[in-house]
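A.B. asks: Start from the sequences and build out the full structure, keeping to the hints where you can.
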Amino acid sequence: MKITVIRSARKTFCLEMRFGELLVRVPNAATQAQVDAFLEKEKSWIEKQERRASENAGFVSPLTGEEIRVLSDRAKTVFAERVAFYAPKIGVTYGRITVRHQTSRWGSCSGRGNLSFNCLLLLAPQEVLDSVVVHELCHRKHMNHSKHFYAEISRVFPNYDACRQWLKENGAQLLLRLKPEEGEKC
534 MKITVIRSAR KTFCLEMRFG ELLVRVPNAA TQAQVDAFLE KEKSWIEKQE RRASENAGFV
594 SPLTGEEIRV LSDRAKTVFA ERVAFYAPKI GVTYGRITVR HQTSRWGSCS GRGNLSFNCL
654 LLLAPQEVLD SVVVHELCHR KHMNHSKHFY AEISRVFPNY DACRQWLKEN GAQLLLRLKP
714 EEGEKC
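In our numbering, the protein residues as written are 534 to 719.
If you're looking for bench data, these hints aren't it; they were derived computationally from the structure. Take the hints with a grain of salt, since some may be wrong.
Said to hold, decoys possible - Below 30 Å or equal to it, Euclidean Cα-Cα: the simulated DSS-like pairs (lysine-lysine) are:
| id | residue 1 | residue 2 |
| --- | --- | --- |
| 1 | K701 | K576 |
| 2 | K574 | K701 |
| 3 | K674 | K622 |
| 4 | K544 | K574 |
| 5 | K609 | K674 |
| 6 | K622 | K680 |
| 7 | K535 | K581 |
| 8 | K701 | K674 |
| 9 | K680 | K544 |
| 10 | K576 | K535 |
| 11 | K544 | K701 |
| 12 | K609 | K622 |
| 13 | K622 | K701 |
| 14 | K680 | K701 |
| 15 | K701 | K609 |
| 16 | K535 | K574 |
| 17 | K701 | K581 |
| 18 | K544 | K581 |
| 19 | K680 | K574 |
| 20 | K544 | K576 |
| 21 | K544 | K674 |
| 22 | K701 | K535 |
C.D. replies: Pasting the structure below:
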């Protein structure tokens, strides 16, 4: 497996498996010894991801460019409807809604209230898609991942934790449907 270390102005260490490559995101000041220690500490997680990838190899067919376009067009309507449904329940407003096909994010919310969602969520159960919509809308009240933020999510969407777990367990399969050479914007 290819391992790529990415240094940036971050404070934490993070692992990400993308298309069979392990991305190790580390603070600029991290020493090689610290990186090695982090990889050793996360060895079981890395092995689990490798097993999953090998078990699922061949079961996932990448979407064609046309399939991505159709999915993206449908996603624009679906996300507009779901955001319009949940925003009043949370008591927030929002800006522009965009749909992308990304390899690393399910959604995002800008400081101006613009929302972005991954079109691949249409391949997940509706409840999982809704959980991401609620997550991003709750950022309109709390631009962080604090206890208050998660309390707001739970108030509006009590089954959030189960949906989050579904994405952890199945999200990589969805992401494999994108070809690495495809762009990010739909």
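A.B. asks: What's the verdict on K544 and K574, does the C-alpha distance respect the 30 Å limit or exceed it?
C.D. replies: The given pair, whose Cα atoms are some 18 Å apart, holds under the 30 Å limit.
A.B. asks: What's the verdict on K544 and K581, does the C-alpha distance respect the 30 Å limit or exceed it?
C.D. replies: holds, 25 Å
A.B. asks: Could you grab the alpha-carbon distance between K535 and K574 and see if it respects the 30 Å cut-off?
C.D. replies: Holds. K535 to K574 sits at ~18 Å (cutoff 30 Å).
A.B. asks: Is the straight-line distance between the alpha-carbon of K535 and that of K581 30 Å or less?
C.D. replies: holds, 16 Å
A.B. asks: Is K574 within 30 Å of K701, Cα to Cα?
C.D. replies: holds, 20 Å
A.B. asks: Against the 30 Å threshold, does the CA-CA distance of K622 and K701 hold or violate the hint?
C.D. replies: holds, 26 Å
A.B. asks: If you draw a straight line from the CA of K680 to the CA of K701, is it 30 Å or shorter?
C.D. replies: holds, 20 Å
A.B. asks: CA of K701 to CA of K576, is that 30 Å or under?
C.D. replies: With a Cα-Cα distance of about 18 Å, the restraint between K701 and K576 holds, given a limit of 30 Å.
A.B. asks: Take a quick look at whether K609 and K674 sit within 30 Å of each other, Cα to Cα.
C.D. replies: With Cα atoms ~23 Å apart, K609 and K674 stay inside 30 Å; holds.
A.B. asks: Has the given pair, K680 with K574, been kept, meaning a C-alpha gap of at most 30 Å?
C.D. replies: Answer holds: K680 to K574 is near 27 Å, not above 30 Å.
A.B. asks: For the pair we were handed, K701 and K609, check the Cα-Cα distance against 30 Å.
C.D. replies: holds, 24 Å
A.B. asks: Holds or violated: K680 with K544, Cα cutoff 30 Å?
C.D. replies: It holds: about 20 Å lies between the C-alpha atoms, which stays within 30 Å.
No hint from the list above goes unmet by this structure.
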